[in-house]
Amino acid sequence: MKRYSALTLALEGLKNHRGWRPAWRKATPAAEYDAIVVGGGGHGLATAYYLAKNHGLRRVAVLEKGWIGGGNTGRNTTVIRSNYFHPESVALYDLALRLYEGLSKELNYNVMLSQRGMLIAAHTPMQMEICTRIANAMQLNGVDGALMSRDEALERVPLVNQSEDARHRLQGGIWQGRAGIARHDAVAWGYARAASDLGVDIVENCAVRELLIENGACVGVETDRGPIRAARVGLAAAGATPGLAAQAGVTLPIHDYALQAFVSEPVKPCLDTVLLYLGTGTYVSQSDKGEMVFGGGLDRVPTHGQRGNLPAQQTVTSGLLEMFPAFGQLKLLRQWAGVVDVVPDSSPIIGPVGVPGLFVNCGWGTGGFKAIPAGGWLLAHLLATGEHHEISAPFDVTRFARGRLIDEAAGSGIAH
Amino acid sequence: MQIFPCPFCGPRDEREFHFATEAGKPRPEPADKVSAEDWAAYLYANEAPRGEAREVWLHLTCGEYFVMTRDTLTREVKGSETLPGRRA
Amino acid sequence: MSGWRLDRGGEIDRDRPIGFTFDGHAVTGFAGDTLASALLASGRRVLGRSFKYHRPRGLWGAGAEEPNAIVDVTEGGVTTPNLRATLEPLREGLALRSVNTWPEAARDRHRLLDRLNRFLPAGFYYKTFMAGGWMRWEPMIRRMAGLGRLDPANAPPADCAQINARADLLVIGAGPAGLAAARAAARAGRAVWLIDDGDAPGGSLRWRGGDIDGGPWRDWCADTQERILRAGGKILSRTTLWGAFDHGLYAAWERRCGAPDRLWRIRAGDVILAAGAIERPLWFANNDLPGVISAEAALRYLTLHGAVAGRRIVLATGNDGSYPVAAALARAGCDVTLADARGDTPDAPEGVDLRRETRVTGAEGRDAVARVRLNGVLQEADTLLVSGGLTPSVHIFMQAGGRLDWDAECDALIPRAGSASMRVAGAANGAFALADALAEGHAAAGGAGNAPRAEAAGDWGVLPMRPDPDAAGRQWIDFQNDVTLKDVALAQREGFVSVEHLKRYTTLGMATDQGRTSNFAGLAAMAGLTDRSIPETGTTTYRPPFLPVPLTVIAGRRRGQLFDPPRRLTLERAHRAAGAQLREYGGWLRPAHYGDDEAEAALREAGVARETVALYDASPLGKIEVIGPGAAELLDFCFFTRLSTLKPGRARYGLMLSETGIVFDDGVTLRLAGDRFIVSASSSHVDGVRLRLEDARQDRFDPARVFLHDVTAHWTTLCVAGPRARDVLRAAGVPVDLDDAALPHMGVTEADWNGRTLRIARVSFTGERSYELSVPSRHAEWLESLLAARVGEAGGGRIGLEAVLTLRAQKGFILIGKDTDGLTMPQDLGWPNRREDEFIGKRSLLTDEALRNDRRQLVGLTATDGGAAFTAGAHLVPLDAARRSLGFVTSVAPDPGAPHALALLESGRSRMGESVGVFDNGAVREARVIAPCAFDAKGERLHA
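In order, the protein sequence lines correspond to chains A, B and C.
The UniProt record's numbering numbers the first residue of the first sequence as 1 and each following residue consecutively.
The UniProt record's numbering numbers the first residue of the second sequence as 1 and each following residue consecutively.
The UniProt record's numbering numbers the first residue of the third sequence as 1 and each following residue consecutively.
Derived by calculation from the structure, the hints in this document are not laboratory data.
On a predicted model such as this, the values are computed, not experimentally measured, just so you know.
Please note that the accuracy of each hint is not assured.
Unchecked claim - The calculated lysine to aspartate or glutamate pairs, modelled on EDC-like cross-linking and capped at a C-alpha distance of 20 Å, are:
1) Lys105(A) with Glu138(C)
2) Lys289(A) with Glu138(C)
3) Lys25(B) with Asp702(C)
4) Lys289(A) with Asp151(C)
5) Lys26(A) with Asp531(C)
6) Lys33(B) with Glu659(C)
7) Lys33(B) with Asp848(C)
8) Lys25(B) with Glu659(C)
9) Lys25(B) with Glu64(B)
10) Lys818(C) with Glu906(C)
11) Lys289(A) with Asp114(C)
12) Lys127(C) with Glu101(A)
13) Lys25(B) with Glu838(C)
14) Lys26(A) with Asp197(A)
15) Lys234(C) with Asp199(C)
16) Lys647(C) with Asp675(C)
Claimed, not checked - One-sided and incomplete, this derived list gives chain A residues near chain C with beta-carbon spacing under 7 Å:
17) Tyr4
18) His17
19) Ser104
20) Ala137
21) Pro266
22) Lys268
23) Asp288
24) Asn309
25) Leu310
26) Thr317
27) Gln329
Glycine residues also receive a C-beta, built at the ideal position from the N, C-alpha and C atoms.
Given these sequences and hints, build the entire structure.
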């Protein structure tokens, strides 16, 4: 693998960039692997990378029905944060954040992690109480988090609506300085390139039709390019995971919804942090290209269709303008929807599902992008050892029967 | 903006409706005879079919629950009916 | 300086010159100009700089496809960024500023960046900027990026109306095909909605002209409009249909001169898409130079604005559509060379130098075209018009779920009939010639008889034109985002061959022209590089919006006080008059306290309730009537607390769980009669409780035996609380026996008060003797003024919710969602289950988690350091073990004499009397765990 650096870029520049090779091999699937990961999004690619890197597995394949990074990895608002309430959540998301912090160097691929900080903005004394509750939880959980006063918060978001007519006037909020954004495609491509370099087969345009079940155990998958056997199979296919798991007789507690994201025309820098407004439910950051990238709640009708609908667009957009009236100067450039797999407690499901050889990593709902390195790390651990990592154990699907849900909204009063 | 047919009120804007649950999930009881797994399945498990789905919906404005059949992928609505034993 | 203005012709008013500035330079146009036509006629070529290399950029097109002519416009003291010069009408008093330039477009400080282009290929940033972390480089990159500048002082008002409409037949586009379709439908008596983004109907007829049905097109167009209106239809010009949504919903943005824009939400029966086509560029060395302009756009500027693109013009083409353009320019007096790549061409138009089998291989010039290379031979020229063929505008069809097929004859992807629920006609369907467009439009509407006739029928004669990877020089694929053919080749070399990877890796098609000038070229280039056909290479996904739409149009008026409006009390005016400070609680705007100093007022008001008597508005408290012989049975199932054993005339406090066993709501239920209850849900949970009851009623019980009626908004409830509460009621003349034997604590009664219905419930949220008086809201003001006067005479006064919240916290009374969270079960509040029968949430109280003995339980806390009250949201930590959260403070009663706090604490009830740390922002204080109730534990004051 040719190293990426300013030097190689300059040298290649002198040679018209003729020396660059494919970022990842276009593999054709072998008949058998040690482990198969279904789903070539961030979580699947990271899983394959850590299987090779952390556990030394070489015969690993990632099977992607379309093009890698084309699902929710490439359809989100790229926010990365670990400002959570429950210790289990903090352990999970802060593992991801810590891995993100070293990811560009680790993968030799610039994922453009911009730790510009995130403000969760409150508008009422009640919301400030909740923010106090979360900020203290973050501190006790060893994560950087601080309660911000109104004046401190205004310094971070000077354009925020402070008019007399504002429906929700800023009172303060929670600040996490290490939170920020990253370049979503680069995360998928960087993992793919690094995994491919370690020998992982990344197979695009290879749809998994069904799981191969023998004697009650999962021994591989049937694809539109033939059967592929493997000792262990990991499902990291977001909304498609429940359908595949159902073939093994496993019903997962997941509903699918469309979540929309929005991008405005670009302008010069005028918003330097990630902002989530509790009053409007809208969140926004400015991309490096200058576009406002924003989103809000789910479309209200469960669906598998990757199409956004007008009511949610109007709600989110009016929320954005209520936060930042000056953004009324901007135009909507792009909008898209991802199908997110929502679990009742809005926490992911990671672990075995009662079928030997089969493991899942799903249910990330609206928050999967920020967890990619951790999701990969933990599923790789499961596939390599057959056992939970201590961080993934609380997220086992058996938590529902035990009644031990990990519900951030319930604990903190704030949705994901 | 989708249009859903309330059996009581006729076609209405999707914003007037609330998804309740997938249809055909009887409540297991009595409580002390129900296993933890069966109870969790009742509370949480979903088929979430990719295609035709039968679901219980609530029309918020009239307060009536009903069963709707629709395609979760194409979003085509096939029809709606009252809960068993009810008349519109 | 090469563009110029004809002395006559066009739709401009030469008697009304309009001055404006561009980058500080004075420019003059005329009424009827767009910013673009005025700039073109002024001869100004460099209108901006490209995003990455800061190459000079000039006008390319005449509509939404414009990638280059983007300006920040200052008008009336405020600036709006990123306006497309092609879409903005010229008006008085405008100052234009080019984007991506400093100090101005013509002399941009960063123009030398272009020299570094070989080191800045597609995706170069993925390969570098890693040393020291991206944050080190990001500020510089961000400053370089971003087109225009937001004006911090410009807050556009929320004045865009939104209109819902229904259209039997919606025709999108009022060019020849759309007009023919609308005309046919109107003749059949259908009410047609004709929507078009131009200033007036006509589409390409407006600049291409032509005779229809033997007369000038204008007559036919006017007659068609008249027919549409007569048949009850509607015509919307300057209106862009930008989105197709589920179930036949379409969104359109209407621009109105001098009035706020509007959003139309149109539910359409049948739809005909006649959105036309967009001209493709050509690809040769330096094809991005200012002065390289779409041939079609040049004709449009010439015809509509009398603005001529240049004087020495080369027109490079491969299709018949360019011949009328060349002819018109020659007639205008230009020196026109028509370079046609084909050998078999129509005859040369008069005055035009036609060169067959001739291609442009390059353009030269410092900041604008000065020379053009034709088949390798240089020729002087100030303008190079190009036509690389047409791309049908299929966006709306694709948004509606359509599929495309490759059509070799028109060299384009065109809609597959029947793949989406709309018909497509005219250029959008590949029918470029006028007669074909008319025929298709007529047929799409099921037109009877002959279609409108036009002379110019036949073939458009399209020769496929493609980017050539082997050609010399830099060929631009995406002008705004600076993507060249070499970038596409690099993407292919690095494996980014799927269309979406190509887009994302190179940013091709991601600019504000939404790929209108670049998507086809990128697709064609990748197809060529990978030896595949265009359909094999794939297509991109089409999503709304069809063109960038102002956020104000989408958001509409839902802003300020109309954004998620709070619910308001009947007595709001009376409260304000009495000096109340209002605040939102659970969606209701309620008096928080009276007077300015909140802390002082809340304490003082709490004292009033404890010492004399207080009056407060409790109207938001839910009132759900549950009526019928099945009422008690329904409530027993829905509540954790059994209510069927409640006697008429009595009230009972109870909890409602969700099926997960979590406490969903609490409140007092009144039983007025054997078959009549009133459920007082928490103010923010009324809808949730009602729907839960409805769910059980309809799904489990006989709905004919029990009926629910939420009457919360019908009643006003005023609470009189305090030692002198009964005195106040007596003084007010309440017509009820107030003796404790007749109306004890938790007693309920109804009475007629001079024709007014009155309900009194002795329910206490403060720990004091307390009466909740409810009357129909039309009597609210009468009751309030009567009680306020009597309360005043008794030495008491009005109190706000902050005082009430303090009073109840002292008593350990909980607020759901504040003192409980989404994990709290009834046993955590001291209510273990004792019921044998079935109720909502019962099974969940038996899970492993529910049976743990270290659950977080409700406790009280008192500070052992004698200090001030704790902070709500502080966490509880062990004092003598590793620091971790044991729970948190949920409420505080900040009485300085006896500060009290409620908390959820792990194993709380077994820690009574123990010490625990209270952690807040790094500091730890000590507290003693006590019972939640810290005031009048025996409840003697209820009867005092």
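Okay, the hints, checked on the actual structure:
About 16 Å separates the Cα atoms of Lys105(A) and Glu138(C), which keeps this hinted pair within 20 Å; it holds. At roughly 10 Å between alpha-carbon atoms, Lys289(A) and Glu138(C) fall within 20 Å of each other, so this suggested pair holds. At roughly 19 Å between alpha-carbon atoms, Lys25(B) and Asp702(C) fall within 20 Å of each other, so this suggested pair holds. For a cut-off of 20 Å, the pair hint linking Lys289(A) to Asp151(C) stands: about 18 Å separates their Cα positions.
Restraint check for Lys26(A) and Asp531(C): satisfied, since their Cα atoms lie roughly 17 Å apart, inside the 20 Å limit. For the suggested pair Lys33(B) and Glu659(C), the alpha carbons sit about 16 Å apart, so the restraint of at most 20 Å is met. For the hint linking Lys33(B) to Asp848(C), the alpha-carbon distance of about 15 Å falls within 20 Å, and the restraint holds. For a cut-off of 20 Å, the pair hint linking Lys25(B) to Glu659(C) stands: about 14 Å separates their Cα positions.
For the hint pairing Lys25(B) with Glu64(B), the CA-to-CA distance comes to about 18 Å; that is within 20 Å, so the pair holds. At roughly 17 Å between alpha-carbon atoms, Lys818(C) and Glu906(C) fall within 20 Å of each other, so this suggested pair holds. A hinted pair counts as satisfied when its Cα atoms are at most 20 Å apart, and Lys289(A) with Asp114(C) qualifies at roughly 19 Å. Of the supplied pair hints, the one linking Lys127(C) and Glu101(A) holds, its CA atoms being roughly 17 Å apart against a limit of 20 Å.
Between Lys25(B) and Glu838(C) the CA atoms are separated by roughly 17 Å; this keeps the pair inside 20 Å, and the hint holds. Taken as a hint, the Lys26(A) and Asp197(A) pair is honoured in the structure, with Cα atoms around 12 Å apart against an allowance of 20 Å. With a CA separation close to 15 Å, the supplied pair Lys234(C) and Asp199(C) stays within the 20 Å bound. Of the pairs offered as hints, the one joining Lys647(C) and Asp675(C) holds, with about 11 Å between alpha carbons and a cut-off of 20 Å not exceeded.
For Tyr4(A), the interface hint holds, the least distance from its beta-carbon to any beta-carbon of chain C being 4 Å, beneath 7 Å. A cut of 7 Å between beta carbons decides the hint on His17(A): the least distance to chain C is about 5 Å, and the hint holds. Taking 7 Å as the C-beta contact cut-off toward chain C, the hint placing Ser104(A) at the interface holds, the least distance being around 5 Å. For Ala137(A), the suggested interface contact is upheld, since its CB lies about 6 Å from the closest CB of chain C, less than 7 Å.
Interface restraint check for Pro266(A): the shortest CB-CB distance to chain C comes to about 5 Å, inside 7 Å, so the restraint holds. This hint holds: Lys268(A) has a C-beta 4 Å from the nearest C-beta of chain C, less than the 7 Å allowed. The restraint placing Asp288(A) at the interface with chain C holds, with a minimum CB-CB distance near 6 Å, inside the 7 Å limit. At about 6 Å, the closest approach between the beta carbon of Asn309(A) and any beta carbon in chain C falls short of 7 Å, and the interface hint on this residue holds.
Restraint check, Leu310(A) versus chain C: the minimum CB separation of about 5 Å is within 7 Å; hint holds. With a least beta-carbon distance of about 4 Å to chain C, the hint placing Thr317(A) at the interface is held under the 7 Å criterion. Of the supplied interface hints, the one on Gln329(A) holds, with its beta-carbon coming within about 5 Å of a beta-carbon of chain C, less than 7 Å.
Checked against the numbered hints given earlier, this structure breaks none of them.
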